[in-house]
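Please model the complete structure; the sequences and the hints are all you need to start from.
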Amino acid sequence: MDYIIKTDKGKFRKENQDNASIAFLGDWSLAVLCDGMGGHFGGSLCSQKTIDYLFKYFYERFNKDINFDDKKAINKWFNNALSYVKKSLKKIVEDNKDYEDMGTTLTAALVFNLNKEAYIFNIGDSRTYAYNGLLHQITTDQNLLHQLVKIKNVDIESAKLLPDANKLVSCLGPKKTMKCDSFLLKSDEKVKYLLLTSDGVHDYIDKPNIEQILQDKKLDLESKCTKLIKIAKTNMSKDNLTVLLLEF
845 MDYIIKTDKG KFRKENQDNA SIAFLGDWSL AVLCDGMGGH FGGSLCSQKT
895 IDYLFKYFYE RFNKDINFDD KKAINKWFNN ALSYVKKSLK KIVEDNKDYE
945 DMGTTLTAAL VFNLNKEAYI FNIGDSRTYA YNGLLHQITT DQNLLHQLVK
995 IKNVDIESAK LLPDANKLVS CLGPKKTMKC DSFLLKSDEK VKYLLLTSDG
1045 VHDYIDKPNI EQILQDKKLD LESKCTKLIK IAKTNMSKDN LTVLLLEF
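Converting from the sequence shown to the numbering used here requires adding 844 to each position, the first position being numbered 1.
A portion of the hints provided could be inaccurate.
Under the rule of at most 30 Å between Cα atoms (straight-line distance), these lysine-lysine pairs were calculated in the DSBU-like manner [as the list claims (entries may be wrong)]:
| # | residue 1 | residue 2 |
| --- | --- | --- |
| 1 | Lys1077 | Lys935 |
| 2 | Lys1036 | Lys850 |
| 3 | Lys855 | Lys1030 |
| 4 | Lys850 | Lys1062 |
| 5 | Lys941 | Lys931 |
| 6 | Lys920 | Lys1019 |
| 7 | Lys1023 | Lys1036 |
| 8 | Lys916 | Lys1030 |
| 9 | Lys1082 | Lys930 |
| 10 | Lys915 | Lys960 |
I should point out that these hints are in silico values taken from the structure, not numbers from a laboratory.
Pasting the structure below:
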């Protein structure tokens, strides 16, 4: 299994608050992308520490011999991991109150490498896509726009006009409201790539363009990631840009 991570501060931000990494344990991999909340003090710290704490819990508390099909146990483990992360972030705040409003998104893929299967977890509006010849958005953005469309049946074009349409309704932080969605990708879905992105990428490059780049056999993994970021920047992305591309 190969992977590439690319990140870029972007044209308009003074600091890169995105972080992404991947950890390996036995036949399992845990790929994570976090986008620290822009405008919030400590966004970069929160995104980096979230990954650090999550990987620590993965190495120390994940049963690498667990059955992939034991959905209940795996989801319970991940929720326990999030509780550990949140508790650890709160300890940072105890030492420095300036960080109490920090927060981050999180999108993660827990991959069983032997069967090319994965559990996808998501908090906020970073995304995980799966590509199997066609591109599929696996995660659902946890923002006001999606909430209005799904729960209150507001027309999507009308919802997009609202000034707070992209405001998060869920994120991870010491004092943030958090809801973790989970999804399952089985081997019969024949996934070739998993793509994790921050909103500085996917808000500025449409789905057909992403799909075309992943389909291009002339581009290696690094070139695909570089092109995704380049197009988003050309389209005037106003945020940090990060992609994690994993090939089965």
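To see whether the hints hold, each was checked on the structure:
About 36 Å separates the Cα atoms of lysine 1077 and lysine 935, which puts this hinted pair outside 30 Å; it is violated. Distance restraint check for lysine 1036 and lysine 850: the Cα-Cα separation of roughly 19 Å lies within the 30 Å cut-off, and the hinted pair is therefore satisfied. About 38 Å separates the Cα atoms of lysine 855 and lysine 1030, which puts this hinted pair outside 30 Å; it is violated. Between lysine 850 and lysine 1062 the alpha-carbon distance is near 19 Å, which keeps this suggested pair within the 30 Å criterion.
The hinted pair formed by lysine 941 and lysine 931 meets the criterion: a straight-line CA distance of about 15 Å does not exceed 30 Å. Restraint check for lysine 920 and lysine 1019: satisfied, since their Cα atoms lie roughly 22 Å apart, inside the 30 Å limit. For the hint pairing lysine 1023 with lysine 1036, the CA-to-CA distance comes to about 28 Å; that is within 30 Å, so the pair holds. Note on lysine 916 and lysine 1030: the hinted pairing holds, with a Cα-Cα distance of about 16 Å set against a maximum of 30 Å.
For the hint linking lysine 1082 to lysine 930, the alpha-carbon distance of about 28 Å falls within 30 Å, and the restraint holds. Restraint check for lysine 915 and lysine 960: the C-alpha separation of about 16 Å stays at or below 30 Å, so the hint holds.
Hint violations for this structure: numbers 1 and 3, all remaining hints satisfied.
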